[in-house]
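Each number in our numbering corresponds to the 1-based position in the sequence shown with 64 added.
Just so you know, these hints were derived from the structure itself, not from any lab.
There could be a bad hint or two in this list.
[To be verified] With a Cα cut of at most 16 Å, we get these calculated EDC-like pairs of lysine to aspartate or glutamate:
1. Lys-325 x Asp-341
2. Lys-246 x Glu-189
3. Lys-248 x Glu-202
4. Lys-241 x Glu-209
5. Lys-248 x Asp-187
Bear in mind the structure is a predicted one, so any value in this text is a computation, not a measurement.
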Amino acid sequence: MRSHDKIGFRLSRILTRLNSGARLGIDELVEEFNVNKRTILRDFERLSILPIQKENGKYFLEEYALGKLGFKDIKAFAALIGARSLFPELDDRFISDVLNEKLNKAYLIKNQGFESIQISRDDFEAVSAAVIKNRTLECEYNGKERKLNPYKLINNSGIWYLLADDEGKLKNFTLSKIKRIKIKGDTFAANAEFLKRIEKNDTNWFSDAKFKVTLEIKNEAMEYFKRKEFLPNYEVVQENKDKIIISTMISYDDEILRVVKYWLPFIKIVEPLNLKDKFENLLRDYLK
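With these hints in hand, go ahead and build the complete structure from the sequences.
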């Protein structure tokens, strides 16, 4: 059995018991799995993004989380964190299995390819835990000290973002640009209006200012593009055997530019012209 398979097996067994309300001690798990204490302690570190508490030497899942995971959820989630610790090299099968309705509090991932996360594993897991446990975090972003209430980690077109409340405004922060992360002990009450916006508008970058973009997609990419839903809430403007023209509402240029770059040469921007020109200039600069 490969090492990450062994880890996944242990984590799935531990998660199953925690999910059923069991309180687990280190010594009993050492004996059950025939490993040392350090290994079991590391397992609980891997599970730290979940609301697990320790009391009188026993680990247990907080009451509000009990019974929320089915067998498939536990198996996939255990394999995921055991093998890759929630980093972007994960394959699509794990992503689709794990990030379902029961486990999507912390993460929103758009299957558009992955790039390096450019953040340490410890920081990634710490931010994940802060999202799940409603913990305030302090950090530096673009040279400014900030105190954020984190709501969700988003992977859009392979880039990770943190969606957080910054002084009463819901904003996106590029995860790789967040420095000196400190998770605070105090918790915050989730803003009900923000939660509604996230549920309703979770793929439109949480901005009130949106504009329309029209794209032309060639036949070679049409079926795959529609099946994968690379753009949410799009409308078909025109379709024939050679191409499809669609429109969608976006909030930021990068939201569409990454999709177009990913699908070259099978997709192009029709409107707005300023965005089309911007993309063509980016290509010229790249080819210099």
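For each hint, the structure was consulted:
1. Lys-325 x Asp-341: 14 Å, holds
2. Lys-246 x Glu-189: 12 Å, holds
3. Lys-248 x Glu-202: Given pair Lys-248, Glu-202 holds - Cα atoms ~7 Å apart, limit 16 Å.
4. Lys-241 x Glu-209: Satisfied, since the Cα-Cα distance of roughly 12 Å is no more than 16 Å.
5. Lys-248 x Asp-187: Distance of about 13 Å is within 16 Å: holds.
Hint check: no violations occur; every hint is consistent with the structure.
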